[in-house]
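J.: One letter stands for each residue in the lines below.
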Amino acid sequence: MNYDLEIFKVISKIKENNAKNVLLQLPDGLKPRAKEIVDAISNELDVNIFIWSGTNFGACDIPLHSENAGIDLILHFGHSLYKK
Amino acid sequence: MKIEYFETRANIELPEITKELIDLVKDKSIAIFSTVQFLEQRDNLATKLLKYCKIVNIKLAHCTYPDQILGCSSFDSEIIEKPELFLYLGDGVFHPKSLLLNEIADEVYCLPPINLSIKKITREDVKSLLNKKKVALTNFLSSKNIGVLITLKPGQNNLNKAIELKNSEKYKDKNFYLFLDDTINFAELENFNFIDCWVNTACPRIAYDDSIKITKGIINLQDVK
Numbered sequence: 001m002n003y004d005l006e007i008f009k010v011i012s013k014i015k016e017n018n019a020k021n022v023l024l025q026l027p028d029g030l031k032p033r034a035k036e037i038v039d040a041i042s043n044e045l046d047v048n049i050f051i052w053s054g055t056n057f058g059a060c061d062i063p064l065h066s067e068n069a070g071i072d073l074i075l076h077f078g079h080s081l082y083k084k
Numbered sequence: 085m086k087i088e089y090f091e092t093r094a095n096i097e098l099p100e101i102t103k104e105l106i107d108l109v110k111d112k113s114i115a116i117f118s119t120v121q122f123l124e125q126r127d128n129l130a131t132k133l134l135k136y137c138k139i140v141n142i143k144l145a146h147c148t149y150p151d152q153i154l155g156c157s158s159f160d161s162e163i164i165e166k167p168e169l170f171l172y173l174g175d176g177v178f179h180p181k182s183l184l185l186n187e188i189a190d191e192v193y194c195l196p197p198i199n200l201s202i203k204k205i206t207r208e209d210v211k212s213l214l215n216k217k218k219v220a221l222t223n224f225l226s227s228k229n230i231g232v233l234i235t236l237k238p239g240q241n242n243l244n245k246a247i248e249l250k251n252s253e254k255y256k257d258k259n260f261y262l263f264l265d266d267t268i269n270f271a272e273l274e275n276f277n278f279i280d281c282w283v284n285t286a287c288p289r290i291a292y293d294d295s296i297k298i299t300k301g302i303i304n305l306q307d308v309k
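Line by line, the protein sequences are chains A and B.
For the record, in the first sequence the residue sitting at position 80 is 80 according to the numbering used here, with numbers rising by one throughout.
For the record, in the second sequence the residue sitting at position 57 is 141 according to the numbering used here, with numbers rising by one throughout.
Isolated chain B, as found in the complex (with noise of 0.2 angstroms):
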């Protein structure tokens, strides 16, 4: 069976870079990043900042592209050389935020394309999302029964780190069982009310934004190894 791609790219023209834009980025050190539908956006932009500010190029993890960014790919990435501004194009605040999840960025200036209109994002905003993973983990240190989650979608298929987890000699004390599913159904977790604490091996926003559907802690697999 074969996969093909289409990035369905934005078919949309930048307004003009704003007076209020170039004192954020005059003299700064900056990375712009985008989803795949507005890297040409995004291009544009930073040639028309290039004259105000230098421009820092950063290869994110599971991205095909520099500059590009996905809800995941800070969670594996490192940045070497920091940009001293943080700016995102795009819409919504989604994938920047992955970005303070991981404090990676302090603050993350995200630009609609279509207007170009500034909205910072900082660390306060995820603050009860980190808040909530320090309460699961110690949950998950004081917990005998853990459920570890594992799906069947082939990018986010960690079923050997799963097994790796239960087998480690670390948590010998612990009882782990090992869930298999393809899209993570929360309710029918709830089933499973022997369980003290979710271990997540999906998708890593899963632990963060999803936390919420589940009455149980839940903590990503790269938090307790």
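Just chain A, same shape as in the assembly (with noise of 0.2 angstroms):
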């Protein structure tokens, strides 16, 4: 199955946010295309790119805990915004 990554609109984001340091979160499926959207990403800004390794069950799945580890923005894949 094609899944659009939207690309253009991770790259627009990270700038629009002016992150410096992104973490990317993707779910199982995904995740064999990590290397896809970092390479894509490298090729076009200088930020530092971290790839969650951890789970990505749902967006009410977010690693929030990662700001302690500078991250600045989180680019989570495969949900939309979770209303709780």
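Derived from the structure by calculation, the hints contain no laboratory data.
Quantities reported herein were computed from a predicted structural model and do not represent experimental measurements.
Idealized CB from N, CA, C, for every residue including glycine.
Some hints could be false.
[As the list claims (entries may be wrong)] Here are a few chain B residues that sit away from chain A, every Cβ distance over 10 angstroms (derived from the structure):
hint: 1; residue: 86
hint: 2; residue: 88
hint: 3; residue: 92
hint: 4; residue: 165
hint: 5; residue: 205
hint: 6; residue: 276
[To be verified] Restricting the straight-line Cα-Cα distance to at most 20 angstroms, the calculated cross-link-like pairs of lysine to any residue (SDA-like) are:
hint: 7; chain 1: A; residue 1: 83; chain 2: B; residue 2: 86
hint: 8; chain 1: A; residue 1: 83; chain 2: B; residue 2: 245
hint: 9; chain 1: B; residue 1: 309; chain 2: B; residue 2: 221
With the hints as a guide, dock the two chains, each given alone in a separate frame, to form the complex.
T.: In structure tokens form, the structure reads like this:
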């Protein structure tokens, strides 16, 4: 199945947020495509990109504590905003 | 810290609808759910079926869009105008199974977007999980030492409800112990051998889909309130 990774939007959101340390959070099915996303961002922008190796069960599962490691933007893939 | 969401919509064109599908929905009121990836295809399917049946739009809990479904959303949803038929457009059965677990639907017809072949899942398919829940509830009621599972995951964090349970008059005969983790590690829980039964306050699917991973009974908070 072909899923739209929205690379242009990803790059635009990093610029818009003026982010320096970006965390990529992918669901299991898209984890093999992490390289593709990181490489695409790295070709365009000089930012530190980290790949979250933990879970992404849904938009209920955001690693907010990554802020302690200096992350200023989380790019969460695979879900829309979770309304609690 | 900011969070940006990328819904990773599927790039796929649906095949033509089959006679079997038309016969299934004909003259009925139907709801068609899908995950966020297939919402566009879901709308296309609804348009194609509209001349054969009545389409009911339903907004489930925790979802951003109408007709979207999450693995947990039917646990907190009340459907006033119930359709005669539930369809699910998407891969696998994890999401539509939640409609059966909560007795919202007796059966759900699942359609993979790649070929729209029809697969029916029924209450019978989740019977063993529902029976397990009944056993876990009996186990909870007869247990003295209860472990309450709380997650740090922001959308699943119910710390206050866990404390409410601990302090509730209804269960003052029990000892409640509060356990905090991010992703609940079931192997680690086995170390706390003084616990007779677990109450889950995190994702409600844990008490069903992961109950096999734990030796003691596990029940959702909603079921003991």
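J.: Work down the list of hints and note, for each, if the structure agrees.
T.: Now for the hints, and whether the structure bears them out:
With a least CB separation of 5 angstroms from chain A, residue 86 (chain B) falls inside the 10 angstroms interface cut-off, contrary to its annotation. With a cut of 10 angstroms on Cβ distances, residue 88 (chain B) falls inside the contact zone with chain A, its closest approach being about 5 angstroms. A cut-off of 10 angstroms between C-beta atoms contradicts the statement that residue 92 (chain B) is not in contact with chain A; the least separation is 4 angstroms. Non-interface call for residue 165 (chain B) relative to chain A: holds, since the shortest CB-CB distance, roughly 21 angstroms, exceeds 10 angstroms.
Listed as outside the interface, residue 205 (chain B) is consistent with that label: its C-beta sits roughly 21 angstroms from the nearest C-beta of chain A, beyond the 10 angstroms cut-off. The claim that residue 276 (chain B) lies off the interface holds: its Cβ sits roughly 22 angstroms from the closest Cβ of chain A, which is beyond the 10 angstroms cut-off. A distance of roughly 16 angstroms separates the Cα atoms of residue 83 (chain A) and residue 86 (chain B); the hinted pair therefore holds under the 20 angstroms criterion. In summary, the hint linking residue 83 (chain A) to residue 245 (chain B) is supported, as the alpha carbons are separated by about 18 angstroms, within the 20 angstroms threshold.
A threshold of 20 angstroms between alpha carbons decides the hint, and for residue 309 (chain B) with residue 221 (chain B) the separation of about 11 angstroms falls inside it, so the pair holds.
Hint compliance for this structure: hints 1, 2, 3 are broken, all remaining hints hold.
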